[in-house]
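S.K.: Protein sequences appear in the order of chains A and B. Sequence positions in the first sequence follow the numbering used here and run 1 to 452. Sequence positions in the second sequence follow the numbering used here and run 1 to 452.
For the record, the hints were derived by calculation from the structure and aren't laboratory data. The beta-carbon is built from N, C-alpha and C at its ideal position, and this holds for glycine as well. It is possible that some hints are incorrect.
Said to hold, decoys possible - Straight-line C-alpha distance at most 30 Å; calculated DSS-like pairs for lysine-lysine:
(1) A:K229 with B:K46
(2) A:K29 with B:K376
(3) B:K389 with A:K376
Claimed, not checked - Derived CB-CB ranges, DEER-like:
(4) A:Q371 with B:A268: 38 to 46 Å
(5) B:M102 with A:N75: 51 to 59 Å
(6) B:N269 with A:A236: 49 to 57 Å
(7) A:G169 with B:G308: 29 to 37 Å
(8) B:G94 with A:G94: 48 to 56 Å
(9) A:D158 with B:E50: 24 to 32 Å
(10) B:N75 with A:G237: 31 to 39 Å
(11) A:W336 with B:W97: 58 to 66 Å
(12) B:D428 with A:A236: 27 to 35 Å
What follows is each chain in one-letter form.
Number of protein chains: 2
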Amino acid sequence: MKKLVLAALLAAGFGAQAQVDADKAALIKSIYTEALGGQQGYDWLKYMCEEIGPRPSGSEAANEAARWAMREMLNAGADTAWLQEVEVPKWYRGEEWCTMSMGGREVNLPATALGGSVPTPENGITAEVVVVNSFEHLESLGREGVEGKIVFYNTYMDHSLISTFNAYGGAVKYRWAGAMEAAKYGAVATIMRSVTLLRDDLPHTGAMSYGDSEVKIPSAAISWQAADKLSEDMGAGPVYVTLFLDCGVQGTATNYNVIADFKGTDKANEIMLVGGHIDSWDLGQGAQDDGAGCAHAMQVPNLLKQVGYEHHRTIRVVLWANEEFGLDGAKEYANWARMNNVHHWVALESDGGAGVPRGFGVGADDDRVAQVQAMKPYFVPYGLHEFAKGGGGADLSPLRGHDDFFVGFRPDSQRYFDFHHSARDRIDAIHPRSLEMGSASIAALFYLLDQL
Amino acid sequence: MKKLVLAALLAAGFGAQAQVDADKAALIKSIYTEALGGQQGYDWLKYMCEEIGPRPSGSEAANEAARWAMREMLNAGADTAWLQEVEVPKWYRGEEWCTMSMGGREVNLPATALGGSVPTPENGITAEVVVVNSFEHLESLGREGVEGKIVFYNTYMDHSLISTFNAYGGAVKYRWAGAMEAAKYGAVATIMRSVTLLRDDLPHTGAMSYGDSEVKIPSAAISWQAADKLSEDMGAGPVYVTLFLDCGVQGTATNYNVIADFKGTDKANEIMLVGGHIDSWDLGQGAQDDGAGCAHAMQVPNLLKQVGYEHHRTIRVVLWANEEFGLDGAKEYANWARMNNVHHWVALESDGGAGVPRGFGVGADDDRVAQVQAMKPYFVPYGLHEFAKGGGGADLSPLRGHDDFFVGFRPDSQRYFDFHHSARDRIDAIHPRSLEMGSASIAALFYLLDQL
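My request is simple: use the sequences and hints to build the entire structure.
M.R.: Here's what the structure looks like:
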């Protein structure tokens, strides 16, 4: 009776005070203790960052990382592990710079090409700058205001949003479509305020698209402080900028998805997938994005093994190739899974960095969501309070329609965009305890799910 | 009826889904938006760290900081602000080093004197090392095992505890009493593994005590990595260490509490105190400990003013002198308050750093605790879920018995002891958004409390 009351209250949206099973709670405690003490995920990530380095789409480093991760998973007791070929764009970045003429002198504006941008001519592009605050603003300026100029998207992430992922969602459209839109009005290039909330002097890259546009203009991000300098200087007469980018997509190359299976005891055909993407942008080491997710995923079977838990279902670690430049790895994996009738009983993605865990988002039917939300009391002692409906992630999206139980891991988001797609995304951006609390949280969730 | 049901559920321990008043929620939103956009607290803290620097007990820098903070509070609209004299120990630190003889060569062990330690003789102290894992272990070794040696406390914070403040509580006794206990058995000095969870190469200082002991032996902390080196080398024959410390308490000096009042409209005699301590250790800049608490406190009246809220009660910002070396400022303030019959309607301390806010601890009677817990729904959108009974902090402790409503601000604790009392505690250890989410959370709580 008491249990029914509790269930009813939980169903009514009252959370977190339900009973927990003491044995299960003890096993979960041992998972966290092992993660925080052993720090194997951090050691893996450190190797990936320092010994292998950045892993951009089409790079040999991405392949070196894939081979290394496969070996590590076999060493950690995987029953099988293999590399799945994925054809990806090969991204090249050479020299890049941007300067502003100001009172007769040149001021450096730290800049980086957006991923996919065409290069500038050999001498760069010099043009007057027109500042634009939104696509509506661009449209209102029209060809008259834009033609022959460099469009400067002085657009911001919304600092008032507590979830910086939501703030990112609102701002990234100018990165993705800024060049395509500006070209319609005759712009010769675009620069944009980096998509970040840290008011620093590093530019942040990220994917952009020309869509179906035949006119492709060079497109770069400049640092927050550079954007401040530039916007302060606007209005007192014309401002000229010179942009030089040596970059571009140079055909395609082969990268690999890593797939490692840790067989379940009696429900081996039910796959519990946990993954991150092994590629990264080229400016840092891809520590937060998404080395952390790879480390999380690799730790899940390892932690369960370390604490002596024998899982019923098969745990599959997938490290996807080329998320950043078009989800090629995720699409390849999903196609293969569909062709081979692989049933993912659950699929969880970690691609939000190594912040302190806040909870999970669950993309599933209401009953399944309620089942996961009922697990919250096991996580509250570890600071996880957010068990929201709706979740998954970019690399899980190609599985939709085929499988139906997705989970997105949700770390604290406050610092993520400080590092994101910039030279700052290095191993020293990673806090070992926060990272490993993430590993443990995902492993604990997989343990509880496996018990269903 | 619905409200009664909700109240009953809340009383029964079911949290967080209660109704919120839309106007209040909107005002709270404006507080967070102002904090995250304006970042005035971060600017203040940056000034304190970079322009003034570390503020150890008895230093002129502590006084410079106090005068600066008083001026800033007057500029921010304080009705009155003053400096309260506090007599404090004057701490001096000169050169310090520690080396280990290993296979004929000297290995440097990064070391720092604990606060209050006596210096070593001019040529340092060279002696065999005996490793000790606990006070029980020390006792079991006895005089026979310890006399004439340097005791090495190879003690750890418990990494399995999720609250690192709790882990600190369990480990800090070896820092506080290690020298006093070892001296009983004839030790000539002590060194200890730094009280931290980061496995790095920086030593962390902090207060120690000789109690009533007449024998005072030098006492230092060494870095985690140095402690690893030393403990790895133990057991393969005797290990000798040389410790040199030039340090000590050099009499007393005058420092100041800063007290700034922002008068309430109609309940001006009811004081809402918010404070942090203005002193710091000498190795870094005192950014997390406790510049962040000062910035939080200074922001509270400022944010309420920026959003146009006129408070009924008086908001008093108190920045205490010398917390680290004996709570002198807090004791002086409490004595003065008692003598002048000051009634603190509520007193809140921020001395847990600038991590992302997790909640508040409330030290008050059950009714008051329930009142604050009922405010939780206003904070859940900002990620604050922890509203525990029991709270306050070191600098509030002298007020106990006189007042009866204390609140401790609880930021996320995972990274705090990475920085704590070390050279790493600098402005670059501070994340602007996390800091300002703390300022906003405290200001929002003060707003809701003022509405009671």
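S.K.: A separate judgement is required for each hint: does it hold in the structure or not?
M.R.: Here is what the structure says about each hint:
With a C-alpha separation of about 21 Å, the suggested pair K229 (chain A) and K46 (chain B) falls inside the 30 Å cut-off, and the hint holds. Only pairs whose Cα atoms come within 30 Å are accepted, and K29 (chain A) paired with K376 (chain B) is accepted, the gap being roughly 27 Å. Distance check on the hinted pair: K389 (chain B) and K376 (chain A) sit about 21 Å apart at the alpha-carbon level, within 30 Å; holds. For Q371 (chain A) paired with A268 (chain B), a C-beta distance near 54 Å fails the hint of 38 to 46 Å.
A hinted range of 51 to 59 Å is violated for the C-beta pair M102 (chain B) and N75 (chain A), which are about 32 Å apart. Distance hint check: the CB atoms of N269 (chain B) and A236 (chain A) are about 53 Å apart, consistent with the given range 49 to 57 Å. For G169 (chain A) paired with G308 (chain B), a C-beta distance near 30 Å keeps the hint of 29 to 37 Å intact. Checking the proposed 48 to 56 Å range against G94 (chain B) and G94 (chain A) shows it holds: the Cβ atoms sit about 51 Å from each other.
Our hint of 24 to 32 Å for D158 (chain A) and E50 (chain B) holds, since their Cβ atoms are close to 29 Å apart. In this structure the hint that N75 (chain B) and G237 (chain A) lie 31 to 39 Å apart at CB holds, the actual value being about 35 Å. The hinted window of 58 to 66 Å between W336 (chain A) and W97 (chain B) holds, with their beta carbons roughly 60 Å apart. Distance hint for D428 (chain B) and A236 (chain A): a CB-CB separation of about 34 Å, consistent with the stated range 27 to 35 Å.
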